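Enquirer: Got chain A sorted already, so can you dock chain B onto it with the hints?
One-letter residues, chain by chain:
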Amino acid sequence: MRGKGIWSSVVEVLAAPARLWPRLQLRALFYRPRGDSPIKRLFIHLALWVACLIAVYPVLRVVTISLRPANKLLTTSLAIIPEDATLANYMELLFGRPGRPTEFYLWIWNSLVITVTTATIGLLLSATAAYAFSRFRFPGRNAGLIFLLSTQMFPAAMLLLPLFIMISRLGLINSYLGLVIAYSVTAVPFSIWMLKGYYDTIPRDLEEAALIDGASRLGVLWHIIRPLSTPALAIAFLFNFMSSWNEYIVARIILNKREMYTWPLGLWTFTEQYTVLWGKFAAASILVAVPVTLLFLYSSRWLISGLTLGGVKE
Amino acid sequence: MGALTPSLMIRSLGQVLGFVFAIAVVLALLEGYVYLLFFRRPRSLPSAVFARGVQSAIAILLVLLTLRFLDRMGLVADLVAAWGLTPVVTLPERLWDAWAALTPMPWRLILPPVAVLVLEAAIYLTGEPRPSRLGLAYVLVLPALVGISFLIIIPFLFEVRLAFSNMAMYTAQNPQFGLQYGIENFIKVFTGPVAKDATFFEVLGRTVLWTVINVSLHVTGGLILALLLNRSMRLRGLYRTILILPWAVPSTITAMAWRNEFDFRYGFFNILLRNAQQFFTDLAAQTQTLPLIYDLFNWLSQAIHPVPWRQDPTWAFISVVMTNVWLGIPFMMVVILGGLQSISQEYYEAAEIDGASKWQQFRHITLPLLRPVLVPATILGTVWTFNRFEVIYLVTQGGPQEKTDILVSSLYKAIFQFYRYGFSAAFALVIFLILLLWSIIYLRITRGLRGVYE
Chain A
1 MRGKGIWSSV VEVLAAPARL WPRLQLRALF YRPRGDSPIK RLFIHLALWV
51 ACLIAVYPVL RVVTISLRPA NKLLTTSLAI IPEDATLANY MELLFGRPGR
101 PTEFYLWIWN SLVITVTTAT IGLLLSATAA YAFSRFRFPG RNAGLIFLLS
151 TQMFPAAMLL LPLFIMISRL GLINSYLGLV IAYSVTAVPF SIWMLKGYYD
201 TIPRDLEEAA LIDGASRLGV LWHIIRPLST PALAIAFLFN FMSSWNEYIV
251 ARIILNKREM YTWPLGLWTF TEQYTVLWGK FAAASILVAV PVTLLFLYSS
301 RWLISGLTLG GVKE
Chain B
315 MGALTPSLMI RSLGQVLGFV FAIAVVLALL EGYVYLLFFR RPRSLPSAVF
365 ARGVQSAIAI LLVLLTLRFL DRMGLVADLV AAWGLTPVVT LPERLWDAWA
415 ALTPMPWRLI LPPVAVLVLE AAIYLTGEPR PSRLGLAYVL VLPALVGISF
465 LIIIPFLFEV RLAFSNMAMY TAQNPQFGLQ YGIENFIKVF TGPVAKDATF
515 FEVLGRTVLW TVINVSLHVT GGLILALLLN RSMRLRGLYR TILILPWAVP
565 STITAMAWRN EFDFRYGFFN ILLRNAQQFF TDLAAQTQTL PLIYDLFNWL
615 SQAIHPVPWR QDPTWAFISV VMTNVWLGIP FMMVVILGGL QSISQEYYEA
665 AEIDGASKWQ QFRHITLPLL RPVLVPATIL GTVWTFNRFE VIYLVTQGGP
715 QEKTDILVSS LYKAIFQFYR YGFSAAFALV IFLILLLWSI IYLRITRGLR
765 GVYE
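Protein chains in written order, with my numbering: chain A, 1 to 314; chain B, 315 to 768.
Hints should not be assumed to be uniformly reliable.
[Claimed, not checked] Not close to chain A: a few residues of chain B, all C-beta gaps over 10 angstroms, as computed: (1) S326; (2) V348; (3) W410; (4) W413; (5) R444; (6) P469; (7) R520; (8) A617; (9) L654; (10) R702.
[Said to hold, decoys possible] Here are some of the chain B residues that sit facing chain A, going by a computed Cβ distance under 7 angstroms: (11) M387; (12) A391; (13) G449; (14) E473; (15) V474; (16) L542; (17) I556; (18) L557; (19) T566; (20) W572; (21) V697.
Simulated from the structure, these hints should not be mistaken for laboratory data.
Bear in mind that the values here come from a model prediction, so they are computed numbers and not experimental data.
Here a beta-carbon is modelled for each residue, glycine too, at the ideal position from N, C-alpha and C.
So that you can see chain A by itself, here it is in the shape it has in the complex (with noise of 0.2 angstroms):
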């Protein structure tokens, strides 16, 4: 502050907000993107607004069943929380009724051991495969490509016949194993095409540059592609973790012994018992939907990257 006093030092502090004002005001009453008018803007907030609404309420109104007392599951109200709203069901589904133990924790474990397990072996077959697909040009790599394209396209009910009956003759039925296998034929494909989309986004000079450096393909790939590739090998991760762990159909066929139920087969006995227990069954679902949804949201960006480098590209 040479050359000035303190005064004008201050005045220059104090008048920072007065002059920046007028650029806030304009930022925040006037500034309209493309020209928008502030009566557009508010259709396309109400019209968002809507949009929102009809993308939550379905959610919101699991929410209502599962705060109902037993007394009141079947009511005509819409109310959002309902009258003498209760943490009852969520209590009996944590903590379990005396003298009969809650089954709530063990359809989570199994539902966790199954589908880690999905992932991890989806992973450990695909990686290096990907990598081969997208750098090397061996006779085969077009008819496998091909070939991979078109598992994205058939469904696993497609195979669903042939694999329950060889996995049946395993003696698999009722067993972690049998539902990794079943749950492998899709999640192995996949995970070489996202792979390959991802390694085919990392520029080749990286590794002509080691190669002409001295070091061997496998030195590359392990000191070069492996580091860079642990985000994609986490989205495959996520991304079989999550189609198996919301799979039910499969898993409908495959276990039938209520111990090895996974949580949506779990879930399922609440609406098959002679009084169907609404309740529970709302609570057990907003339990397993919250971590989900939010590890959903939160990586969202990179699955939808993933999705787009894999499956949308044309």
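Expert: Then chain B, alone, in the frame of chain A:
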């Protein structure tokens, strides 16, 4: 019936970790085998004899094991019996029994892989390096090749074989194979009911309708939301997050939630409709003196009424479509939003200067530039919707009277409710051919496999 206990946790962990470990060991040994084939050359004649001998022995063993696996699955059982191959195919098992009689338990499992490893090490040490251009590619592809053979190729061949068999509930253990069974199965697919009542063409028509309605609504809805979101405004992040919720929440849960909303008495839609009806009835009662307005309200109070979502086929179909549209819009929205963001603002500015209207800008800038995103997303969306029967299964279970079944859900019923295995395999192959045709069209539209080969 019980709680989660530590011992149970340890047991289940042991099971899956053992499985993953076994796969890893087998793959490592196979990798070693392929590596030696490509990258090692025997140094002398004795070492060549040794190496090739061991390698052929392992190869023969692998072939035998695979054959035995196929035989156990019942895939080649009749051929093995017909050609008198039983002693050959069961050789690995007899070897294993002899081995098991000799050794106690942990060594029984540990020694064979160690032995293979030692043999591979011996081949490595008696050989010299050999350059190989393609070897590494095959070494890298091997795990996926093994996995996909067992997970996809063998099951697919099995399905083809099953389609030519009379396998059903009572012949599940010893089905007969033959061309005449196959012809019979395929004829039945096109003439008989595919599940209980519905015929193939009826279900096919419904599947096409289901796919077209869903995908067009997904794309339209996603496009509208993406266009609304594609501007700088307040709360944009919040809107985006809330709008992906239907995709983010596990669909098992949301499908069940929607199913409840279609309940005649307690479902959301009927409550709403009932309230609306009540509202108009009251209005009509109050406006009895005003002729035209009374007629309008009276008509409305009769036109709006609760809907039998579960009993009426048309309403049941509408209910599943509503659910699936709700579930599918966020994906399209996100994909299209990504496409919109990659379009440069300069095009719009230039168009503005030239005096183009908003609609012209959308028609001649946005849509053409979105094409590379829209075309593959639409076509993949079509295939996914075609195949996705989870929603149908959870919301209506195909009912009433199979009037909401699509092809894949009928297939599921034919297998797991009616146990018509041979027929179902033929049915699955027909669905497969339909999808194959569609994929060929897809590849034509997107100009072949341009993106694939690069």
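Enquirer: For each hint, tell me whether it holds in the structure or not.
Expert: Comparing the hints with the structure gives:
1. S326: With a cut-off of 10 angstroms, S326 (chain B) comes too close to chain A, as the shortest Cβ separation is near 5 angstroms.
2. V348: 12 angstroms, holds
3. W410: Given a closest Cβ separation of 16 angstroms, the condition holds.
4. W413: At about 21 angstroms from chain A, W413 (chain B) clears the 10 angstroms cut-off, so the statement holds.
5. R444: 14 angstroms, holds
6. P469: 4 angstroms, violated
7. R520: Consistent with the label, R520 (chain B) stays out of reach of chain A, its closest Cβ about 17 angstroms off (over 10 angstroms).
8. A617: Non-interface label on A617 (chain B) holds, nearest chain A Cβ at 21 angstroms vs cutoff 10 angstroms.
9. L654: Non-interface label on L654 (chain B) holds, nearest chain A Cβ at 12 angstroms vs cutoff 10 angstroms.
10. R702: The claim is violated: R702 (chain B) sits with its nearest Cβ about 8 angstroms from chain A, within 10 angstroms.
11. M387: With a closest approach of 5 angstroms, the M387 (chain B) hint holds.
12. A391: It is violated, given that the least Cβ distance between A391 (chain B) and chain A is near 10 angstroms, above 7 angstroms.
13. G449: Violated - the Cβ of G449 (chain B) stays beyond 7 angstroms from chain A, reaching only about 9 angstroms at its closest.
14. E473: Holds - the Cβ of E473 (chain B) comes within 7 angstroms of chain A, reaching about 5 angstroms at its closest.
15. V474: 9 angstroms, violated
16. L542: Where the cut-off is 7 angstroms and the nearest Cβ of chain A is about 5 angstroms from L542 (chain B), the hint holds.
17. I556: 4 angstroms, holds
18. L557: It holds, given that the least Cβ distance between L557 (chain B) and chain A is near 5 angstroms, below 7 angstroms.
19. T566: With Cβ-Cβ at 4 angstroms, under 7 angstroms, it holds.
20. W572: Holds - the Cβ of W572 (chain B) comes within 7 angstroms of chain A, reaching about 6 angstroms at its closest.
21. V697: 5 angstroms, holds
Consistency with the previously given hints fails for numbers 1, 6, 10, 12, 13 and 15, ordered from lowest to highest.
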